[in-house]
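So the chains spell out like this:
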Amino acid sequence: AQKITQTQPGMFVQEKEAVTLDCTYDTSDQSYGLFWYKQPSSGEMIFLIYQGSYDEQNATEGRYSLNFQKARKSANLVISASQLGDSAMYFCAMRDSNDMRFGAGTRLTVKP
Amino acid sequence: DVKVTQSSRYLVKRTGEKVFLECVQDMDHENMFWYRQDPGLGLRLIYFSYDVKMKEKGDIPEGYSVSREKKERFSLILESASTNQTSMYLCASGAIAGDAGELFFGEGSRLTVL
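Keeping their order, the protein sequence lines are chains A and B.
Sequential numbering of the first sequence, starting at 1, is according to the working numbering.
Sequential numbering of the second sequence, starting at 1, is according to the working numbering.
Calculated from the structure, these hints are not laboratory results.
Yeah, the Cβ is synthetic: ideal placement off N, Cα and C, and Gly gets one too.
Certain hints may be false.
Said to hold, decoys possible - Restraint-style ranges between C-beta atoms, simulated for each label pair: (1) Arg107(A) - Thr86(B): 17 to 23 Å; (2) Ser82(B) - Pro40(A): 41 to 47 Å; (3) Thr7(A) - Lys70(B): 38 to 44 Å; (4) Glu56(A) - Glu17(B): 50 to 56 Å; (5) Glu56(A) - Thr112(B): 45 to 51 Å; (6) Lys70(A) - Val12(B): 45 to 51 Å.
Produce the complete structure using the sequences and hints provided.
Listed below in structure tokens is the structure:
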């Protein structure tokens, strides 16, 4: 069975600095996808970024990038130039075939 | 604009009651999911469905059942609610794109069982 691990329950970052949120995963499948979602205090789940297991380049979406290290089975999210609006819960997820499973999440707080 | 709609944002039920949580999507997605979200545990998969009348157990199916009679609708049923089922329930849908498709989520249903 899949397992997604986020070891940082909470993180703090100063506004305008970069922050890395850790995610490791475990799967025996060769083909899988890795995702990051943001959940602000309003509760909605916002899709941020996707990385396919066969993608050779790290995914980037604006200020978000995914540091994918396949051999280490890690898929860390990097947020550059943090903004106050980045304060939220962040979930790492993995999808293989049809289902998708999530980690426990990291609560990021951006300090002014 | 894509939409996943959950019928109730807040419910309060008594122990032993039967509870229905409804979810409807308008994106013609094949896959639909039910998760529960608890602090410190993230989102845990209860059940998912990859086609009408098809269902697969997730990681925590005990105490729950599901129904998918139409492609756009996926229902979560608590046959006899218990206090440990007090939680936030999230429905999601996704296209049948193997490992590449992101999920779209509803706003959630916060269930309190007294």
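Now the hints, each set against the structure:
Against the hinted window of 17 to 23 Å, the Cβ-Cβ separation of arginine 107(A) and threonine 86(B) comes to about 21 Å, which satisfies the hint. Between serine 82(B) and proline 40(A) the beta carbons are some 30 Å apart, a value that contradicts the proposed interval 41 to 47 Å. Look at threonine 7(A) against lysine 70(B): about 41 Å separates their beta carbons, and that is inside 38 to 44 Å. Restraint check, glutamate 56(A) to glutamate 17(B): a C-beta distance of roughly 53 Å satisfies the suggested window 50 to 56 Å.
Checking the proposed 45 to 51 Å range against glutamate 56(A) and threonine 112(B) shows it holds: the Cβ atoms sit about 48 Å from each other. Checked against the given bound of 45 to 51 Å, the beta carbons of lysine 70(A) and valine 12(B), roughly 46 Å apart, stay inside it.
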